[in-house]
Amino acid sequence: MIAGITIYELFTVTSILFFIGVYGFITRKNLISVLISVELILNASVINFVVINKYLYPDILQGVLFSIFIIAVAAAETALAVSIIINLYRQINSVEVKDIETMKY
Amino acid sequence: MNYTYVLLIPLIPLAVFLLLGLFNQKIKPALSGLIGVLGLTLSTLFSFYTAFQYFFVIGKVNGAFPSLGQKTVWMNFTDTLRIDMGILLDPISVMMLIVVSTISLMVHIYSRGYMKGDEGYTKFFAFLSLFTFSMYGLVLATNLFQIYIFWELVGVSSYLLIGYYYTKDTAVAAAKKAFIVTRFADLGFLIGILIIGYYTGTYDFETLNNPEGSAILNWASTSFMGLSVLTWALILVFIGGAGKSAMFPLHIWLPDAMEGPTPVSALIHAATMVVAGVFLVARLFPMYYFVEEGFALQIVAFVGAFSSLFAAVIAITQTDIKRVLAFSTMSQLGYMMLALGVSGYEGHEGLGYMSSMFHLFTHAMFKALLFLCAGSVIHAVHSNFLKDMGGLRKYMPITNITFLIAALAIAGIPPFAGFWSKDEILVAVYEHNKLLYAVGIIVAGLTAVYIFRIYFGIFWGKDRVYDHAPKESPFSMTFPLIVLAILSATVGFIPFSEFISPDRIGFEGHINIPLALVAVLVGIIGISIAWVFYKKENDLASKAADRFGIFYTWVYDKFYFDELYLYITKNILFKGIAASAAWFDRNIVDGTMNAIGNSTVGVSKKIKGMQSGRVQDYALAFVTGAVLLAIVFIYLWTI
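First to last, the protein sequences are chains E and D.
Each residue of the first sequence is one higher than the last, beginning at 1 in the working numbering.
Each residue of the second sequence is one higher than the last, beginning at 1 in the working numbering.
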């Protein structure tokens, strides 16, 4: 709990972060940028976990612990995604989203 | 009293079947024959021991033979209606044990010689064991459902053995015909069983057959189209029995079944399986007798009488010796049915029932002997037809003598077995119905004629020259002939009426001298006719055939019943009913399903362009949807 800052202000910040992530996910042309946007979304939710834990249930620690799990999973996921992207680059010499649509239907 | 050893009687053949069937390729033929014979010997010994225990050690309890055995619940339908599995020992089942085991053992021994060198030797013995197991199960069954299960099992073994020479088209067709015709009859049996189960609430023979039981006392409580439902059920059950026992008009499969190996014909299509129908009626005899004052029993009597006459007439004209014997079997089965049909229940009234079982017993012996002799002859001359035989008495003395004994037995000449049982049947019929008695006497004469026709045709007649001189069969084949010949000559002296009667009390049997004289006289006349026509080569027979002209052809072609059935199935069933059902299936049922599938494919083809393959489009759609749902649930759907 931070003195002078209400929970609404923090929610506003995380919401802005979340929607920046969503916007980036939808509009970026480069797969790496898309991956970064996903990280933004995850971080927004991690902050939400911590904020809700600290402001509403100060006596327990579940939310904080959960956020640590999410960070670990996000790291693993990023490693996986980057390796996929590298492999993709070796196959088609591109990391552009528009080039990866051959698997439709 | 422990009945475990009775259980072994059917289980040993089952074990032999599994052993020979599973290791079909691994077991050497010589060994498999030995295993089959040894297994059957064991179960034969147990059968005889059981019979001895039942009739002489336990004997009568309170003046009547008891029903022994044990059963376990196999399946529960309702609180009262359940299916048991178990064994039931009463006079007729014990008698059937003797018949089945004796004939089966003889046929097993015989087959070791007859089937020698055959490719499927082991398979043949496996099937024989399967059949023997099923037949034991059938006779020991405690209730209608158990008998039905084994009933179908003997049908399957019969099918397998008729079609044993499966490379021959005629054998395959005959096997299919036998299976389909009997299966069709069994449909009646099944419906009958279900009706009995529904209206009496039990399948158990003991409960059903109790003359003071509710099943029999309440027969009049429900009626359908003027008859008690139980009468209908019994008629339906009799249809099943008629199918197995080749009664008119379901007889058409039996002559064709002769395509199987001859030992099979002796075991299945002469001595054991075909009498299952008679056994079934005998098994339910108190029901047949008491329900509706024996209405269903009347039908049994008339069907039996007609079948016996019908078959005897055809038998005179056939040229294939096995077919003559097949029609002879049908005729004798008709006799048994007729005797059952005219039987009463108490004391001496039960003469018909007793004589039917007696004839079943003696017939099994001499008819199996006739078939085995025919097999021996066929083995020697490699043909089924009378035209290829003649004068064989010089080459095959043992077969000649044994065949003669069997022929005398079936013709009803004393002191051979057939005389005693046939005489009892004729007495029973005479006391009941003079018209049926006349039929019986005619059939007795015809029997003597046709059996001595083939006897003289095979062993006397023209002295022909054979390309390969026929020689007497090996000892493994003649031994069963000799044993069965001794039995055919002697079993008539068993005082059957002491042991088997509907009320199980037994009665004093005696010969009715005038009726016996008439029967013997008719038999001798029949033999004399055959003597005149066939003893020496002459043209009397063909002249007689010409005299009858079109009637002869009609009989020779078995009254065209095969053609009639073919016409009905091909033109009415296949073209009329089956074809329209097939059209409905192909166009309506399949059409509906195809239409559903096709329309799904069509729609998906149209809308698949909506998938761009770009992951961001999907994400956009997802986010839009989520936002819209959020708006809906938060702002619009607040109430």
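In short, the hints are calculated from the structure, not lab data.
Treat each hint with caution, since some may be false.
Derived BS3-like pairs (lysine-lysine); straight-line CA-CA distance at most 30 Å [as the list claims (entries may be wrong)]:
id : chain 1 : residue 1 : chain 2 : residue 2
1  : E       : K98       : D       : K605
2  : D       : K168      : D       : K387
3  : D       : K606      : D       : K543
4  : D       : K387      : D       : K605
5  : D       : K394      : D       : K605
6  : E       : K29       : D       : K168
7  : D       : K535      : D       : K558
8  : E       : K98       : D       : K606
9  : D       : K387      : D       : K116
10 : D       : K543      : D       : K387
11 : E       : K98       : D       : K608
This structure is a prediction, so every number in the text was calculated from the model and none was measured.
Cross-check of the supplied hints:
| no. | hint | verdict |
| --- | --- | --- |
| 1 | K98/E to K605/D | holds, 23 Å |
| 2 | K168/D to K387/D | holds, 22 Å |
| 3 | K606/D to K543/D | violated, 84 Å |
| 4 | K387/D to K605/D | violated, 74 Å |
| 5 | K394/D to K605/D | violated, 86 Å |
| 6 | K29/E to K168/D | violated, 76 Å |
| 7 | K535/D to K558/D | holds, 25 Å |
| 8 | K98/E to K606/D | holds, 24 Å |
| 9 | K387/D to K116/D | holds, 26 Å |
| 10 | K543/D to K387/D | holds, 17 Å |
| 11 | K98/E to K608/D | holds, 19 Å |
The earlier numbered hints that this structure contradicts are 3, 4, 5 and 6.
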